[in-house]
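2 protein chains.
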Amino acid sequence: MSLLTVGTVAFDAIETPFGKTDKIVGGAGTYIAWSASYFSKRVNLVSVIGDDFDMNELDLLRARGVDTEGIDIKAGKKSFFWSGKYHLDMNTRDTLITDLNVLMEFDPQIPESYKDSDILMLGNIDPALQIKVIGQMPKRPKLIVMDTMNFWMTDPFIDNLKKVIGMVDVLAVNDAEARQLSNEYSLVKAAAKIMAMGPKYLIIKKGEHGALLFHEKNVFFAPALPLEEVFDPTGAGDTFAGGFCGYLDKTRDISYENMKRAIIYGSAMASFCVEKFGTQRLKELSHKNIENRVREFIDLVQFDIEIAE
Amino acid sequence: MSLLTVGTVAFDAIETPFGKTDKIVGGAGTYIAWSASYFSKRVNLVSVIGDDFDMNELDLLRARGVDTEGIDIKAGKKSFFWSGKYHLDMNTRDTLITDLNVLMEFDPQIPESYKDSDILMLGNIDPALQIKVIGQMPKRPKLIVMDTMNFWMTDPFIDNLKKVIGMVDVLAVNDAEARQLSNEYSLVKAAAKIMAMGPKYLIIKKGEHGALLFHEKNVFFAPALPLEEVFDPTGAGDTFAGGFCGYLDKTRDISYENMKRAIIYGSAMASFCVEKFGTQRLKELSHKNIENRVREFIDLVQFDIEIAE
Numbered sequence: 176m177s178l179l180t181v182g183t184v185a186f187d188a189i190e191t192p193f194g195k196t197d198k199i200v201g202g203a204g205t206y207i208a209w210s211a212s213y214f215s216k217r218v219n220l221v222s223v224i225g226d227d228f229d230m231n232e233l234d235l236l237r238a239r240g241v242d243t244e245g246i247d248i249k250a251g252k253k254s255f256f257w258s259g260k261y262h263l264d265m266n267t268r269d270t271l272i273t274d275l276n277v278l279m280e281f282d283p284q285i286p287e288s289y290k291d292s293d294i295l296m297l298g299n300i301d302p303a304l305q306i307k308v309i310g311q312m313p314k315r316p317k318l319i320v321m322d323t324m325n326f327w328m329t330d331p332f333i334d335n336l337k338k339v340i341g342m343v344d345v346l347a348v349n350d351a352e353a354r355q356l357s358n359e360y361s362l363v364k365a366a367a368k369i370m371a372m373g374p375k376y377l378i379i380k381k382g383e384h385g386a387l388l389f390h391e392k393n394v395f396f397a398p399a400l401p402l403e404e405v406f407d408p409t410g411a412g413d414t415f416a417g418g419f420c421g422y423l424d425k426t427r428d429i430s431y432e433n434m435k436r437a438i439i440y441g442s443a444m445a446s447f448c449v450e451k452f453g454t455q456r457l458k459e460l461s462h463k464n465i466e467n468r469v470r471e472f473i474d475l476v477q478f479d480i481e482i483a484e
Numbered sequence: 176m177s178l179l180t181v182g183t184v185a186f187d188a189i190e191t192p193f194g195k196t197d198k199i200v201g202g203a204g205t206y207i208a209w210s211a212s213y214f215s216k217r218v219n220l221v222s223v224i225g226d227d228f229d230m231n232e233l234d235l236l237r238a239r240g241v242d243t244e245g246i247d248i249k250a251g252k253k254s255f256f257w258s259g260k261y262h263l264d265m266n267t268r269d270t271l272i273t274d275l276n277v278l279m280e281f282d283p284q285i286p287e288s289y290k291d292s293d294i295l296m297l298g299n300i301d302p303a304l305q306i307k308v309i310g311q312m313p314k315r316p317k318l319i320v321m322d323t324m325n326f327w328m329t330d331p332f333i334d335n336l337k338k339v340i341g342m343v344d345v346l347a348v349n350d351a352e353a354r355q356l357s358n359e360y361s362l363v364k365a366a367a368k369i370m371a372m373g374p375k376y377l378i379i380k381k382g383e384h385g386a387l388l389f390h391e392k393n394v395f396f397a398p399a400l401p402l403e404e405v406f407d408p409t410g411a412g413d414t415f416a417g418g419f420c421g422y423l424d425k426t427r428d429i430s431y432e433n434m435k436r437a438i439i440y441g442s443a444m445a446s447f448c449v450e451k452f453g454t455q456r457l458k459e460l461s462h463k464n465i466e467n468r469v470r471e472f473i474d475l476v477q478f479d480i481e482i483a484e
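Going line by line, the protein sequences match chains A and B.
Taking my numbering, the leading residue of the first sequence gets 176, the next gets one more, and so forth.
Taking my numbering, the leading residue of the second sequence gets 176, the next gets one more, and so forth.
Since the hints were made in silico from the structure, they are not lab data.
Hints should not be assumed to be uniformly reliable.
Since the list can't tell identical chains apart, any single copy or any two copies may satisfy a pair.
[To be verified] With a Cα cut of at most 20 Å, we get these calculated SDA-like pairs of lysine to any residue: (1) K435 x H384; (2) K381 x V363; (3) K425 x D479; (4) K252 x H462.
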């Protein structure tokens with residue numbers, strides 16, 4: 176199968192209690208593509224960059240089977256730049272700089288060769304653009320997954336956000352966003368309200384506290400791996416999404432049972448992402464590393480209790 | 176086998192976003208005994224109360240196989256009373272009143288008939304008293320489990336706390352307490368430091384985010400059940416401990432593998448506890464209820480991933 180993702184490819188400058196970086200490569204599309212590339216044979220990436228971007232980074236992605244035809248390179252323009260500083264607990268951060276640059280004029284165009292992609296992963300961008308992307312697919316993908324953020328949950332974006340939420344199969348948000356979107360504190364109640372907006376599946380990401388997958392009356396919980404240190408949380412959610420979609424694409428199975436496995440693989444990929452700055456750790460993984468990490472997740476949560484029927 | 180627990184039997188007055196109570200029965204010893212009574216054939220309870228206590232509550236405990244010979248009833252004195260108010264997120268609370276009353280003169284005496292108890296569960300009390308209890312056991316119990324709290328992690332209590340921590344097999348604390356005790360933010364690092372103080376097993380309770388069990392290089396994670404509402408979190412940690420110890424006692428198996436199961440049973444009991452005020456929900460459970468709840472935990476976390484060796 177094949178995976179189409181739309182998301183930012185950008186520069187980040189990150190400061191954590193462990194250090195700080197100059198401009199390094201980031202963006203949701205970048206993390207999703209790197210992570211998915213360990214599973215999907217073909218990842219189709221749609222994004223926009225300026226000609227200040229480090230084009231070697233695109234070569235690295237292409238070497239991993241990521242098609243970059245869908246990346247619009249704007250001559251004489253600057254790439255999207257975000258800078259942030261994490262607090263000591265690593266769960267909260269301050270945004271220092273947001274230079275939208277080319278993102279201001281992002282008008283995603285899906286190349287012809289991408290249009291038969293089986294899974295569509297919409298990274299966190301303006302919901303108006305997410306709608307536009309879905310509209311360009313001549314045939315509905317087998318599965319549409321979307322990420323978003325609190326910024327789009329207020330006027331004037333909320334109407335478009337609700338519209339696109341009504342068009343997708345899987346929505347992935349964090350716990351604070353689920354609460355804001357539903358106006359419910361209980362995540363169980365929040366999930367019911369959000370699924371009533373359209374998505375058959377809802378993933379609520381809780382960072383170091385793991386992730387929940389809701390579907391109808393079912394709920395599945397995947398922990399985050401307890402790590403000695405979280406070095407840099409940037410991109411962990413996108414890496415999770417990339418692993419999740421990539422695994423579903425590779426296994427050609429979009430059932431609830433397989434989504435559980437996909438969430439474990441996504442969590443494993445995210446656990447690597449936070450070990451180093453930016454995409455660095457994602458660039459050096461082997462399939463053996465990933466298998467061993469997934470085995471750690473199995474050891475972490477598996478127990479055998481037999482209950483007589 | 177049999178379980179000996181030492182802990183407060185007291186009055187609480189609780190306010191949550193869902194309502195408030197007059198004086199109701201609470202205390203760590205009460206919750207531990209109620210919870211363990213669904214597993215242990217015999218729960219031996221050591222505590223202290225005033226003669227203002229509702230003695231019908233002791234009848235209810237005795238009807239569940241809890242031996243109350245070890246409860247010292249002080250004539251003309253008042254029982255320990257705690258009053259607290261939970262914030263909207265239910266994870267934080269303000270203490271409104273702490274009337275120590277009989278707790279000021281608590282001098283635990285272990286009845287002869289309790290002295291061959293197999294498992295000793297030390298509820299959260301002054302570590303000097305926890306040491307005194309261990310000292311009264313002519314033969315070391317097969318397993319000693321202890322709870323404590325941040326209050327004892329400062330002078331002049333910290334030395335005794337470290338001493339008793341060095342005497343037990345299993346320590347149960349919450350995440351904030353683990354960080355305070357170890358001076359490490361990472362729970363993995365905190366666990367290593369705390370186990371170096373003596374306990375072979377460390378349980379870190381994370382409330383709505385579940386619980387971790389550390390042992391040597393192993394870590395097991397049990398989620399909390401996602402609930403529609405948490406009505407009253409009071410006693411959840413003690414109920415967890417009671418279920419944990421009760422299950423180990425019932426199954427006569429204190430291995431790491433069985434502790435994983437015990438943590439799931441403890442978590443199941445805690446998930447009931449928070450559904451109503453005080454001990455109310457714990458008083459009305461059936462074994463069928465508990466089995467069904469444990470099955471929900473299985474559904475919540477179990478997945479099947481096969482990794483080739």
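We went through each hint and held it up to the structure:
In this assembly of identical chains, the alpha carbons of K435 and H384 lie at most 20 Å apart whether taken from the same copy (16 Å) or from different copies (19 Å). For the homomeric pair K381 and V363, the shortest alpha-carbon distances inside one copy (14 Å) and between copies (18 Å) are both at most 20 Å. With identical chains, the CA atoms of K425 and D479 are at most 20 Å apart between copies only, with a shortest distance of 17 Å across copies and 29 Å within one. Taking the shortest Cα distances, K252 and H462 never come within 20 Å of each other, neither inside one copy (37 Å) nor across copies (67 Å).
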